[in-house]
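A.B. asks: Here is what each chain is made of, one letter per residue.
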Amino acid sequence: MANHSQLNFQDASSPIMEELMGFHDHALMVALAICSLVLYLLTTTLTGKLSSNTVDAQVIELVWTILPAMVLVMLALPSLRILYMMDEINEPDLTLKAIGHQWYWSYEYTDLKDLTFDSYMIPTTDLPMGHFRLLEVDHRVVVPVNSTIRVIVTADDVLHSWAVPTLGVKTDAVPGRLNQTSFLTPRPGVFYGQCSEICGANHSFMPIVVESTPLPNFEGWSTSMSS
Amino acid sequence: QSFKLLGFLDVKNVPCARDSVLYGSLGSLVMGLGYFLATSRVRRSCDVAVGSYICTMLGYWFYCRYNLAQQRIRQRMLKEGMKNRILYEGTYLDPEKKQTGSERSNS
Numbered sequence: 001m002a003n004h005s006q007l008n009f010q011d012a013s014s015p016i017m018e019e020l021m022g023f024h025d026h027a028l029m030v031a032l033a034i035c036s037l038v039l040y041l042l043t044t045t046l047t048g049k050l051s052s053n054t055v056d057a058q059v060i061e062l063v064w065t066i067l068p069a070m071v072l073v074m075l076a077l078p079s080l081r082i083l084y085m086m087d088e089i090n091e092p093d094l095t096l097k098a099i100g101h102q103w104y105w106s107y108e109y110t111d112l113k114d115l116t117f118d119s120y121m122i123p124t125t126d127l128p129m130g131h132f133r134l135l136e137v138d139h140r141v142v143v144p145v146n147s148t149i150r151v152i153v154t155a156d157d158v159l160h161s162w163a164v165p166t167l168g169v170k171t172d173a174v175p176g177r178l179n180q181t182s183f184l185t186p187r188p189g190v191f192y193g194q195c196s197e198i199c200g201a202n203h204s205f206m207p208i209v210v211e212s213t214p215l216p217n218f219e220g221w222s223t224s225m226s227s
Numbered sequence: 001q002s003f004k005l006l007g008f009l010d011v012k013n014v015p016c017a018r019d020s021v022l023y024g025s026l027g028s029l030v031m032g033l034g035y036f037l038a039t040s041r042v043r044r045s046c047d048v049a050v051g052s053y054i055c056t057m058l059g060y061w062f063y064c065r066y067n068l069a070q071q072r073i074r075q076r077m078l079k080e081g082m083k084n085r086i087l088y089e090g091t092y093l094d095p096e097k098k099q100t101g102s103e104r105s106n107s
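Keeping their order, the protein sequence lines are chains A and B.
Counting from 1, one number per residue, gives the positions in the first sequence under my numbering.
Counting from 1, one number per residue, gives the positions in the second sequence under my numbering.
If you are wondering where the hints come from, they were derived from the structure by calculation, not from laboratory data.
Model, not experiment: these values are computed from the prediction.
Any given hint could be a false lead.
[Unchecked claim] Only pairs whose alpha carbons sit at most 20 angstroms apart, straight line, appear in this in silico SDA-like list of lysine to any residue:
{"#": "1", "chain 1": "B", "residue 1": "Lys12", "chain 2": "A", "residue 2": "Phe9"}
{"#": "2", "chain 1": "B", "residue 1": "Lys4", "chain 2": "B", "residue 2": "Pro15"}
{"#": "3", "chain 1": "A", "residue 1": "Lys97", "chain 2": "A", "residue 2": "Val73"}
{"#": "4", "chain 1": "B", "residue 1": "Lys79", "chain 2": "A", "residue 2": "Pro188"}
{"#": "5", "chain 1": "B", "residue 1": "Lys97", "chain 2": "B", "residue 2": "Glu80"}
{"#": "6", "chain 1": "B", "residue 1": "Lys83", "chain 2": "A", "residue 2": "Thr213"}
{"#": "7", "chain 1": "B", "residue 1": "Lys83", "chain 2": "A", "residue 2": "Glu108"}
{"#": "8", "chain 1": "A", "residue 1": "Lys170", "chain 2": "A", "residue 2": "Pro15"}
{"#": "9", "chain 1": "B", "residue 1": "Lys83", "chain 2": "A", "residue 2": "Leu215"}
{"#": "10", "chain 1": "B", "residue 1": "Lys12", "chain 2": "A", "residue 2": "Asp25"}
{"#": "11", "chain 1": "A", "residue 1": "Lys97", "chain 2": "A", "residue 2": "Glu108"}
{"#": "12", "chain 1": "B", "residue 1": "Lys79", "chain 2": "A", "residue 2": "Lys170"}
{"#": "13", "chain 1": "A", "residue 1": "Lys113", "chain 2": "A", "residue 2": "Gly48"}
{"#": "14", "chain 1": "A", "residue 1": "Lys170", "chain 2": "A", "residue 2": "Arg140"}
{"#": "15", "chain 1": "B", "residue 1": "Lys79", "chain 2": "A", "residue 2": "Asn8"}
{"#": "16", "chain 1": "B", "residue 1": "Lys12", "chain 2": "A", "residue 2": "Gly22"}
{"#": "17", "chain 1": "A", "residue 1": "Lys97", "chain 2": "A", "residue 2": "Phe218"}
{"#": "18", "chain 1": "A", "residue 1": "Lys113", "chain 2": "A", "residue 2": "Asp25"}
{"#": "19", "chain 1": "B", "residue 1": "Lys79", "chain 2": "A", "residue 2": "Lys97"}
Whole structure, please, built from the sequences with the hints as guidance.
C.D. replies: Put into structure tokens, the structure is as follows:
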């Protein structure tokens with residue numbers, strides 16, 4: 001989860017998020033280069049003479065066409081690489097459906113004997129000491145570690161969005177439509193997210209908690225939930 | 001803690017960022033000063049300095065990130081190899097067993 005006054009990304013917990021963070025760093029480096037150049041050009045323009053005897057501007061026209069094209073290529077190639085990487089067909093080990101309602105999520109593990117449950121936020125008045133306000137839920141989404149999980153996201157009433165920043169996942173939940181995303185957690189842990197599409201009065205109060213555990217623990221959990 | 005250049009690039013926590021900016025600054029100083037010593041043209045030297053700052057910074061950035069990506073791939077292969085070695089040790093899938101078996105048959 002994010003710390004107070006955090007502006008940057010949370011630490012990556014999936015390979016796709018690591019790639020996204022790497023691309024973000026690359027884009028910022030390109031932005032720094034461009035900003036430095038613009039700052040310098042502004043300074044020279046402001047401190048230099050206002051008149052100019054330039055009549056033929058072919059060189060500068062060439063420069064300010066080719067340079068932006070190179071910048072776009074430097075940004076587009078890694079961006080497209082990650083975009084296609086996110087859409088790779090990767091034979092998921094588990095499929096789970098996330099359905100958005102006003103104002104909770106429900107999950108269906110139909111691979112496992114029709115396991116379904118609702119996930120409501122724990123109100124602050126009932127929150128145990130030391131737990132995270134507005135982030136904890138009564139039933140977490142438990143997934144096995146090191147397994148590709150496919151999530152099919154939809155909604156029951158209005159638009160919602162299933163987002164877990166540390167996994168690099170954000171998928172809109174649209175009524176009447178199934179959107180698919182996938183993720184893989186190489187390490188066990190608990191990952192928090194919140195609904196990311198305005199959906200009414202309690203839009204801020206329908207969080208998502210994904211818990212990644214070793215397979216035996218996951219099997220124990222699914223057995224206990226089914227019974 | 002973070003130190004953000006121009007308010008957005010965190011040079012402390014982003015791998016390769018600090019080195020890129022420092023090498024860029026060094027390159028810009030060397031090229032700018034060298035051009036000035038050679039030609040005594042102040043404005044053009046400043047232009048050369050800024051241009052070489054950008055080119056050196058981006059050049060080192062690409063080089064460093066490429067090496068970092070290669071290192072991470074090697075780390076992943078090593079991790080996978082170590083896991084497989086422990087998993088398959090003593091079984092028919094053990095690559096060391098297959099290797100010694102083929103050496104014996106060759107000799």
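A.B. asks: For each hint, tell me whether it holds in the structure or not.
C.D. replies: Consistency of the hints with the structure:
no., hint, verdict
1, B:Lys12 - A:Phe9, "holds, 15 angstroms"
2, B:Lys4 - B:Pro15, "holds, 13 angstroms"
3, A:Lys97 - A:Val73, "violated, 37 angstroms"
4, B:Lys79 - A:Pro188, "holds, 17 angstroms"
5, B:Lys97 - B:Glu80, "holds, 18 angstroms"
6, B:Lys83 - A:Thr213, "holds, 18 angstroms"
7, B:Lys83 - A:Glu108, "violated, 33 angstroms"
8, A:Lys170 - A:Pro15, "holds, 15 angstroms"
9, B:Lys83 - A:Leu215, "holds, 17 angstroms"
10, B:Lys12 - A:Asp25, "holds, 12 angstroms"
11, A:Lys97 - A:Glu108, "holds, 5 angstroms"
12, B:Lys79 - A:Lys170, "violated, 29 angstroms"
13, A:Lys113 - A:Gly48, "violated, 76 angstroms"
14, A:Lys170 - A:Arg140, "holds, 17 angstroms"
15, B:Lys79 - A:Asn8, "violated, 29 angstroms"
16, B:Lys12 - A:Gly22, "holds, 15 angstroms"
17, A:Lys97 - A:Phe218, "holds, 17 angstroms"
18, A:Lys113 - A:Asp25, "violated, 44 angstroms"
19, B:Lys79 - A:Lys97, "violated, 32 angstroms"
Hint check: violations occur at hints 3, 7, 12, 13, 15, 18 and 19; the rest are consistent with the structure.
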